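Peer 1: All chains should be built: construct the whole structure from the sequences, respecting the hints.
The chain contents come next:
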Amino acid sequence: MTTQTLRASASRTGLIPAVFAVVLGLGIVTLAGHVQASALHDAAHDVRHATGFPCH
Amino acid sequence: MFSRILTSALFAGAAAGLIAALLQLVFVQPVLLHAELYESGELVHFGGAAVTAHPELPGMFSDLQRDALSVIFTMLTYTGYTLIVVALMSIAEGQGHKIDGRTGVLWGLAGFVAVHFAPGFTLAPEVPGVAAADVFARQIWWFATVATAAVAMWLIAFGSNLISYVIAAVLLMAPHIIGAPEPEFFTGPVPTEIGALFAARAFGIGLAAWVLVGSFAGYFWQKEAKHTEAHA
Chain A
1 MTTQTLRASA SRTGLIPAVF AVVLGLGIVT LAGHVQASAL HDAAHDVRHA TGFPCH
Chain B
57 MFSRILTSAL FAGAAAGLIA ALLQLVFVQP VLLHAELYES GELVHFGGAA VTAHPELPGM
117 FSDLQRDALS VIFTMLTYTG YTLIVVALMS IAEGQGHKID GRTGVLWGLA GFVAVHFAPG
177 FTLAPEVPGV AAADVFARQI WWFATVATAA VAMWLIAFGS NLISYVIAAV LLMAPHIIGA
237 PEPEFFTGPV PTEIGALFAA RAFGIGLAAW VLVGSFAGYF WQKEAKHTEA HA
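These protein sequence lines map, in sequence, to chains A and B.
Residue 3 in this note's numbering sits at position 3 of the first sequence, with consecutive numbering throughout.
Take the position in the second sequence, starting the count at 1, then add 56; the result is the number in this note's numbering.
By construction, these hints were calculated from the structure, which means they are not laboratory data.
Take the hints with a grain of salt, since some may be wrong.
Here are some of the chain A residues that sit facing chain B, going by a computed Cβ distance under 7 Å [claimed, not checked]:
| # | residue |
| --- | --- |
| 1 | P17 |
| 2 | L24 |
| 3 | V47 |
Values in this document were obtained by computation on a predicted structure and should not be read as measured data.
Cβ coordinates follow ideal geometry from the N, Cα and C atoms, glycine included.
Peer 2: See below:
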């Protein structure tokens with residue numbers, strides 16, 4: 001199997017982009033909802049409570 | 057493929073997040089502000105005298121900076137969730153499952169169960185001022201519960217045999233049988249009526265937001281496919 005067909009099959013199943021998107025999404029949710037740095041916590045305070053995240 | 061996931065997730069997540077933020081400001085924020093009067097000690101429950109259940113609350117949109125930050129962070133949170141949902145939709149479609157705005161509603165319901173209802177079943181959405189265990193311990197439990205519930209929902213949706221349903225049921229129940237980190241003492245000054253209303257409202261808005269996330273994600277995923285074909 002050549003590199004080209006490997007690349008083609010990877011993009012057809014789309015697993016790699018999906019994994020990237022999941023990691024990016026998890027990062028955003030963690031930053032907005034869970035990181036305890038005080039500036040982030042204060043800014044996101046109401047949202048964390050309303051969205052049911054453990055807050056403080 | 058990545059740009060199709062990114063584009064449809066950004067549209068769907070921002071739209072669902074904006075609507076969720078407005079719903080939260082109307083239905084959840086007044087309950088939260090009411091609770092904060094007890095958290096700050098301005099009102100005292102079970103003190104010498106009965107306390108009115110209808111105190112003067114800061115009016116809606118009285119603190120614009122606070123509300124604007126809430127809108128931004130709600131949109132961010134739901135965009136993050138939508139990225140994950142669209143990525144999983146792309147995998148499911150690759151396996152031959154139909155993805156559109158209608159089937160997206162089911163995805164949204166499953167997402168609500170995984171990230172709101174499963175962790176909230178034991179760690180109920182907290183009104184400000186409640187007693188709770190160490191936040192780090194609760195976060196670990198939260199992530200573990202969401203992960204097991206998400207796998208369970210996938211097994212219920214796509215596993216088509218009895219064994220996968222049994223595994224799903226075990227995964228859904230296990231975190232609650234093991235138990236979440238709980239506080240040693242109850243010190244919350246907020247009346248139980250407010251706490252219950254807050255949890256109910258948080259779940260209700262979470263459900264609405266997630267149905268929108270799923271449906272918008274499915275819709276924009278298909279729309280982006282047509283867009284890509286048209287430009288191919």
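Peer 1: All hints are to be evaluated individually against the structure, with a verdict given for each.
Peer 2: Checked hints:
Checking P17(A) against chain B: minimum C-beta separation of about 4 Å stays under 7 Å; hint holds. Annotation: L24(A) was flagged as interfacial toward chain B, and the flag holds, the nearest CB pair being 6 Å apart, inside 7 Å. The interface hint given for V47(A) holds, since its Cβ lies 4 Å from the closest Cβ of chain B, which is under the 7 Å cut-off.
Going down the numbered hints, you'll see the structure goes against none, and every one checks out.
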